[in-house]
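K.L.:
Sequence:
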Amino acid sequence: MRVDKFLKNSRIIKRRQVAKEACENERVKINDKIAKAGSEVCKGDIIEITFGKSVLKVRVLDLIEGAKKNTADEMYEVIDG
Numbered sequence: 011m012r013v014d015k016f017l018k019n020s021r022i023i024k025r026r027q028v029a030k031e032a033c034e035n036e037r038v039k040i041n042d043k044i045a046k047a048g049s050e051v052c053k054g055d056i057i058e059i060t061f062g063k064s065v066l067k068v069r070v071l072d073l074i075e076g077a078k079k080n081t082a083d084e085m086y087e088v089i090d091g
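Okay, so the sequence shown: first residue is 11 according to our numbering, each after it adds one.
Since the hints were derived computationally from the structure, they do not count as laboratory data.
This structure is a prediction, so every number in the text was calculated from the model and none was measured.
Glycine residues also receive a C-beta, built at the ideal position from the N, C-alpha and C atoms.
Mixed in with the good hints, there may be bad ones.
Label-pair distances were calculated between CB atoms; the ranges are [unchecked claim]:
| id | residue 1 | residue 2 | range |
| --- | --- | --- | --- |
| 1 | Val28 | Gly76 | 27 to 37 Å |
| 2 | Asn80 | Asp42 | 29 to 39 Å |
| 3 | Glu36 | Asn80 | 16 to 26 Å |
With a straight-line Cα cutoff of 27 Å, these simulated DSSO-like cross-link-like pairs (lysine-lysine) come out [claimed, not checked]:
| id | residue 1 | residue 2 |
| --- | --- | --- |
| 4 | Lys63 | Lys24 |
| 5 | Lys46 | Lys79 |
| 6 | Lys63 | Lys15 |
| 7 | Lys79 | Lys18 |
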């Protein structure tokens, strides 16, 4: 699954366009490497998202297409942030 789609489906970022812009501005890393919007995410990957001065670090647990609001938080676990 693309990282921009994962961020939107998991509700970490509300809109896919905003997720894409975050990637373009080098605010998203996958396993300590700067990610492009089309970068693939796999289970077990560590995603680091920079929101202004704060950083959110999550581990990918599941890749659910079209996740519902109540199941979106099952897609990841917060490691730091």
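K.L.:
Hint by hint, note whether the structure agrees.
P.N.:
Do the hints match the structure? See the list:
1. Val28 x Gly76: 27 to 37 Å: For glycine 76 against valine 28, whose Cβ atoms are near 18 Å apart, the range 27 to 37 Å is violated.
2. Asn80 x Asp42: 29 to 39 Å: holds, 31 Å
3. Glu36 x Asn80: 16 to 26 Å: Given range 16 to 26 Å: violated, Cβ gap about 32 Å.
4. Lys63 x Lys24: It holds: about 19 Å lies between the C-alpha atoms, which stays within 27 Å.
5. Lys46 x Lys79: With Cα atoms ~25 Å apart, lysine 46 and lysine 79 stay inside 27 Å; holds.
6. Lys63 x Lys15: With a Cα-Cα distance of about 23 Å, the restraint between lysine 63 and lysine 15 holds, given a limit of 27 Å.
7. Lys79 x Lys18: It holds: about 11 Å lies between the C-alpha atoms, which stays within 27 Å.
Violated hints, listed in ascending order, are 1 and 3; each of the other numbered hints is respected by the structure.
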